[in-house]
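S.K.: For this one, chain A is given, so just place chain B on it according to the hints.
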Amino acid sequence: SQTIHQWPATLVQPVGSPLSLECTVEGTSNPNLYWYRQAAGRGLQLLFYSVGIGQISSEVPQNLSASRPQDRQFILSSKKLLLSDSGFYLCAWSLDDVGSYGYTFGSGTRLTVV
Amino acid sequence: KQEVTQIPAALSVPEGENLVLNCSFTDSAIYNLQWFRQDPGKGLTSLLLIQSSQREQTSGRLNASLDKSSGRSTLYIAASQPGDSATYLCAPATTGGSYIPTFGRGTSLIVHP
Chain A
2 SQTIHQWPAT
12 LVQPVGSPLS
22 LECTVEGTSN
32 PNLYWYRQAA
42 GRGLQLLFYS
52 VGIGQISSEV
62 PQNLSASRPQ
72 DRQFILSSKK
82 LLLSDSGFYL
92 CAWSLDDVGS
102 YGYTFGSGTR
112 LTVV
Chain B
95 KQEVTQIPAA
105 LSVPEGENLV
115 LNCSFTDSAI
125 YNLQWFRQDP
135 GKGLTSLLLI
145 QSSQREQTSG
155 RLNASLDKSS
165 GRSTLYIAAS
175 QPGDSATYLC
185 APATTGGSYI
195 PTFGRGTSLI
205 VHP
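Chains as they are written, first to last, in my numbering: chain A, 2 to 115; chain B, 95 to 207.
So here's chain A without its partners, still in its complex pose (with noise of 0.2 Å):
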């Protein structure tokens, strides 16, 4: 069966910190990957998706970055952290482009920037 594994699970960082979240997709091959912002009261916020190694699909222009460096790793990055990068992050796994098993979620990292 599919898994997905998302760390950490907290993250409390300095403003102007550099930051790195990674996600995992195990037990499926060439998944379509996604990263997700939630801030408080606020709904979901799609950052980057992603169809294949090496292939990044930006939604927000932001402080953020997005790798694919093998094809079920994902990694949401920052050189410098700002206090509205504060959030939870999520990331998020698709078998294919038309659904076939619809989405499935990590944990979560919940980052404060202080």
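Quick caveat, the hints were computed from the structure, so don't treat them as lab data. Any given hint might turn out to be false.
[What the hints assert, rightly or not] What the simulated footprint calls covered on chain B by chain A, stretch by stretch (three residues with Cβ under 8 Å from a Cβ of chain A suffice, anywhere in the stretch; the number is not a length):
hint, segment
1, 163–174
2, 191–203
[Stated by the list, open to error] Think about it this way: if two alpha-carbon atoms lie no more than 30 Å apart in a straight line, the pair counts; the simulated BS3-like pairs of lysine-lysine are:
hint, chain 1, residue 1, chain 2, residue 2
3, A, K81, B, K136
4, B, K136, B, K95
5, A, K80, B, K136
6, B, K162, B, K95
[As the list claims (entries may be wrong)] Here's a subset of chain A near chain B, in silico, CB distances under 7 Å, partners left out:
hint, residue
7, A40
8, G44
9, L45
10, Q46
11, L91
12, D98
13, V99
14, G100
15, G103
16, F106
17, G107
18, S108
Keep in mind that this is a model prediction, so the values were computed, not measured. Where is the CB? At the ideal position from N, CA and C, for every residue including glycine.
M.R.: Leaving out everything else, chain B in the frame of chain A:
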């Protein structure tokens, strides 16, 4: 652009009631619609996935219906329990381009013992 509305935004009920959560969307050209549950501080858990060719899906006390032509989906929760307290989100996925569902803001449910 797909727009998703969930009504009500919040709901507080006593244990045992049968509940109806509504989701409406503006673009009926969808691959499917998925219902999720989110507990406070946690990730989203998939409850039900309804493909565009289907009218409903059932899992235990949960039943979700889909009326694609009118842009509506309904999640029924039978005999609600305190453990059902969570935020429920619906997410239709519009056809064309990559598979990217659009999420509603959710219905926050509290079930009192």
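S.K.: Which of the stated hints cannot be reconciled with the structure, identified by number in ascending sequence?
M.R.: Hints 1, 7 and 10 not satisfied by this model.
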